[in-house]
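Trainee: If you read the sequences in order, they're chains A, B and C. For reference, each letter of the first sequence is one residue, going 1 to 422 in this note's numbering. For reference, each letter of the second sequence is one residue, going 1 to 212 in this note's numbering. For reference, each letter of the third sequence is one residue, going 1 to 318 in this note's numbering.
The set of hints was computed from the structure by calculation and includes no laboratory data. Where hints are given, some of them may not hold.
In silico DMTMM-like links for lysine to aspartate or glutamate, alpha-carbon gap of 25 Å or less [stated by the list, open to error]:
hint: 1; chain 1: C; residue 1: K63; chain 2: C; residue 2: D93
hint: 2; chain 1: C; residue 1: K95; chain 2: C; residue 2: D147
hint: 3; chain 1: C; residue 1: K150; chain 2: B; residue 2: D204
hint: 4; chain 1: B; residue 1: K205; chain 2: C; residue 2: D93
hint: 5; chain 1: C; residue 1: K246; chain 2: A; residue 2: D23
hint: 6; chain 1: C; residue 1: K230; chain 2: B; residue 2: D43
hint: 7; chain 1: B; residue 1: K6; chain 2: A; residue 2: D125
hint: 8; chain 1: A; residue 1: K289; chain 2: B; residue 2: D204
hint: 9; chain 1: B; residue 1: K205; chain 2: C; residue 2: D156
hint: 10; chain 1: A; residue 1: K289; chain 2: C; residue 2: D147
hint: 11; chain 1: B; residue 1: K63; chain 2: B; residue 2: E137
hint: 12; chain 1: C; residue 1: K294; chain 2: B; residue 2: D168
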Amino acid sequence: MITAIRNYLVFLLRCIRIAFVGDWRYYAWMGLLTVFCMLGLNAYAKQLANGLVVTGMSDQVSWGVYIANFTFLVGVAAAAVMMVIPVYIYDNEELHDLVIFGELLAVAAIIMCLSFVTVDLGRPDRFWHLIPGIGQLNFPSSMLSWDVIVLNGYLLLNVHICGYLLYSRYHHRKPARWFYIPFVFIAIFWAISIHTVTAFLYVGLGGRPFWNSAIIGPRFLASAFTAGPALIILALQVIRRVTNYHISDKALLTLRSIVQVSMIINVFLLVCEIFTEFYAGGLHVVSSKYLYLGFHGYHALVPWIWTAITFNLTAMVLLVLPVSRSLRWLNLTCALCITGIWIEKGMGLVIPGFIPTPLGEMAEYSPSLNETLVCFGIWAFGLMCYTVFLRMAVPILQGNISKSNEGEFLQGSPRHEVTLPQ
Amino acid sequence: MKPPTKTSVILLVLMGVFLALAAGFSLNLWGRPASRPDIPLVDPAFISTDTVRTSYAELAAQKGDLSDFDCYGCHEKGKPPILRFDANQNLIIPKEHSDIVMKHGSHNRNNLCFNCHNETNLEVLQTRDGRELKFSESTQLCGSCHGPTYRDWGAGAHGRTSGYWNRDMGEITRKDCVSCHNPHSPKFPGRKPAPPPHPLRPLDKPKLEAKE
Amino acid sequence: MSQEPSDKRNIPALDADGLSRRSFLRTSAVFTTGLAAIAAGLAPLRNLKDFTSMEQFVQKYYKELTPEDMEKVLKRIENEVEQQYGIRPHVRDLKPMNGVEFVYCLNLTRCIGCRKCVHACVAENNQSRNPEIQYIRVLQMTNGSFDMEKAVHDYDPAEVPQKGHFYMPVQCQQCHNPPCVKVCPVHATWQETDGITVIDYDWCIGCRYCEAACPYWARRFNFTKPAIPKDRLNPNMAYLGNRPRKQGVMEKCHFCIQRTRAGRYPACVEVCPAGTRKFGNILDPNSEVSYILKNKRVFIQLKEELGTSPRFFYYFDV
């Protein structure tokens with residue numbers, strides 16, 4: 001027992017240590033992220049001291065970029081499971097190890113989600129009110145209570161799966177199937193649920209006709225499974241570049257086909273939404289009018305949404321054409337997907353729900369400098385987490401950090417911790 | 001001495017940036033909460049529960065000045081006042097009562113003093129069916145024509161109710177008609193509303209379309 | 001699948017002793033400046049005055065407080081208010097009365113749009129003056145339409161009422177089926193037996209989900225520390241009612257709980273110069289609200305199609 005704990009602690013120590021070691025590009029990247037984290041921390045300190053008045057939110061538009069980013073990132077986290085399905089259900093060996101990279105992205109994304117929700121709270125010191133048993137979690141009535149449970153559960157699931165697989169690899173042990181396969185399948189369903197629950201946060205509000213529509217749930221999933229794998233495609237190429245971990249193009253192209261199908265579905269659902277809103281018309285489509293066409297002279301979101309639609313349509317066309325099989329075009333397409341969906345799901349969903357208010361008042365919203373810095377800070381923190389996770393995972397998967405060279409590490413002459421490309 | 005590696009350069013730059021940030025944070029160079037414009041406190045008249053008029057009964061209860069109701073201070077007893085009309089059958093208000101504007105109903109329908117006042121006894125009011133009422137009972141006079149409103153008033157649905165909704169715990173206060181309505185021109189005059197709401201952030205109204 | 005390490009390069013930081021000492025100095029220098037930047041970055045937290053006290057942080061949920069706990073809590077609140085405003089208030093925890101269900105009736109034939117109700121409410125309920133929080137919003141509607149898109153909120157003519165318009169004040173409708181209660185993740189808002197939907201200001205986490213859920217835009221959030229002028233503080237307070245709120249929590253109309261549970265009319269009813277507002281116990285057949293709902297031919301609820309079933313009825317004089 002003691003040996004087991006000691007082994008695990010040594011493993012953790014090595015993981016932590018390797019996070020501080022790298023070449024000049026690693027330090028530059030982490031340094032840049034640290035700077036943004038600091039800016040974000042300072043901005044959040046100002047928000048704690050002065051209240052949410054330092055953001056651009058008001059009683060009329062009471063949710064802003066924090067919740068917009070949260071919504072987008074829950075989708076990214078859910079999409080990590082999109083890699084799990086081909087591997088475990090369709091037995092795609094190519095993607096096997098890459099599942100870990102996807103799940104680590106999910107962990108980083110969930111950390112970002114939880115951070116975004118925390119900075120949005122007016123009284124974060126009262127977070128303990130949310131803990132079931134100690135506080136008063138309003139389960140099952142409140143969708144936010146469901147979100148608290150499923151997000152934290154998803155975090156634990158993925159941390160367990162990745163942690164167990166990596167630790168087994170460290171020990172050169174084949175991982176016991178019963179200890180992770182069931183969790184993998186649970187994670188598949190759980191991933192769908194985290195995003196459906198987040199969608200239901202909006203759908204369940206009868207007083208906001210822009211959100212109270214059945215199509216939001218499916219749209220969330222379709223856009224998540226577009227943006228998530230797109231992000232993973234880009235992340236895998238970065239891993240390929242900065243380490244010499246071998247990732248085949250076939251893996252990237254498998255992910256491309258997921259993005260392709262999901263984007264087509266996403267665009268189809270957009271068409272469904274626009275037809276439903278505008279064909280019959282009526283009083284309840286004011287928010288859609290505001291978003292797509294402008295309303296009564298208010299049109300701040302119109303250029304944004306049309307940019308997003310252009311990006312998404314272009315990406316869809318590129319994905320369908322064989323030209324996106326070439327990596328340069330694929331990367332451009334992924335960038336278009338991610339940006340388009342971030343706009344459409346973030347600002348294009350959260351903000352128009354508040355404009356006009358239920359009493360018909362028009363009040364626009366734009367994030368303040370402070371709010372933007374906090375967002376950058378959290379994104380930087382998330383990217384930092386993911387970088388650190390990868391910095392730990394890649395050497396373990398390559399065998400450079402393993403039980404066999406633990407002795408060298410403990411004696412203080414670890415020369416083979418890292419392999420770098422020339 | 002080895003030349004500085006790229007890593008050293010990066011770390012040195014990073015140190016510089018950290019120091020600059022520390023300075024920026026300490027001097028609070030950016031992200032200051034925008035100052036909000038002063039919002040003047042509302043005029044206390046807008047939160048006053050006083051009615052615009054005081055009825056005879058209230059004046060009497062407060063032992064106020066009832067000289068306005070002392071008709072025979074000027075008029076002669078036994079001599080009913082004569083009403084004068086102009087060419088268009090409009091009532092001419094005598095200059096002694098110039099503060100009265102007769103606008104009780106439309107089409108000059110009710111612009112006749114003795115519809116309500118008793119010409120033989122100016123100190124009482126009269127209904128159309130011949131009842132005599134004291135000034136303090138003017139509500140019944142109003143009710144003799146305005147039946148539905150009088151019925152609602154009796155139930156508490158017309159006119160303000162104040163005090164205690166729970167009759168077991170305290171008194172409910174009702175106002176007479178003339179505490180709010182001028183009997184000679186009962187329609188509420190327009191008044192300046194209290195200031196509109198001040199939003200947290202300026203709601204930039206576009207100039208393209210102005211709402212009414 | 002393990003990868004064969006194809007290229008090994010020693011990281012300078014882990015090289016022979018000489019370099020490792022230099023790298024240690026270099027790294028610790030960076031760390032120190034980094035920590036200095038973080039410390040400076042957290043400097044604004046110095047201004048975090050009276051954000052929370054230890055007592056308030058560990059305070060239990062309202063429904064779990066024993067009478068002794070509640071005594072201590074009320075005392076704490078009285079002390080805090082006295083410290084901040086120099087006036088010792090009287091804070092009570094009023095319970096709902098038996099056999100009482102409150103209903104509000106508003107006569108749209110009579111409202112003249114003077115907004116006195118808005119300000120009487122502000123004065124009675126210790127709402128922040130800057131930033132301005134007002135529970136009641138009066139809409140200037142156009143004759144012939146109930147479309148709130150055409151409503152004007154910031155009307156300020158020389159005289160009200162204006163021809164061709166009618167005025168509709170909106171505040172919390174104290175719904176039978178309140179969406180805000182459904183969505184609150186921590187049960188900070190709930191409906192009491194007398195029909196009032198209340199908020200425990202010491203339990204609310206400020207997520208603003210209820211504000212998003214309310215179809216009547218009735219809930220307000222304290223985006224910063226509320227500012228109440230000392231000479232306008234109303235010292236007659238209730239725990240679930242008009243005691244001063246803090247930064248970061250929600251608030252809304254609570255039917256002047258400190259008055260109504262003591263048997264009195266809310267401030268908006270007391271001040272209305274046109275007698276537009278009616279309030280009372282619907283379970284009492286002799287109340288004016290019972291009379292109105294029995295006898296008036298036309299009365300409606302706002303946004304009835306949403307199923308919220310408000311306790312607020314707008315009626316017309318017939």
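Trainee: Hints first: check each against the structure and report whether it holds.
Mentor: Hint check:
1. Between K63/C and D93/C the alpha-carbon distance is near 12 Å, which keeps this suggested pair within the 25 Å criterion.
2. A distance of roughly 38 Å separates the Cα atoms of K95/C and D147/C; the hinted pair therefore is violated under the 25 Å criterion.
3. Our distance criterion of 25 Å between C-alpha atoms is met by K150/C and D204/B, whose separation comes to about 17 Å.
4. Distance check on the hinted pair: K205/B and D93/C sit about 44 Å apart at the alpha-carbon level, beyond 25 Å; violated.
5. A C-alpha spacing of about 49 Å is found between K246/C and D23/A, which places the hinted pair above 25 Å, so the restraint is violated.
6. Under the criterion of a C-alpha separation no larger than 25 Å, the hint pairing K230/C with D43/B is consistent with the structure, at around 16 Å.
7. With a CA separation close to 43 Å, the supplied pair K6/B and D125/A exceeds the 25 Å bound.
8. Of the supplied pair hints, the one linking K289/A and D204/B holds, its CA atoms being roughly 19 Å apart against a limit of 25 Å.
9. Distance check on the hinted pair: K205/B and D156/C sit about 15 Å apart at the alpha-carbon level, within 25 Å; holds.
10. Straight-line distance between C-alpha atoms of K289/A and D147/C comes to about 16 Å, which keeps the hinted pair within the 25 Å bound.
11. Restraint check: the Cα-Cα separation between K63/B and E137/B comes to about 17 Å, which is no more than 25 Å; the hinted pair holds.
12. For the given pair, K294/C sits about 23 Å from D168/B by alpha-carbon distance, which is consistent with the 25 Å threshold.
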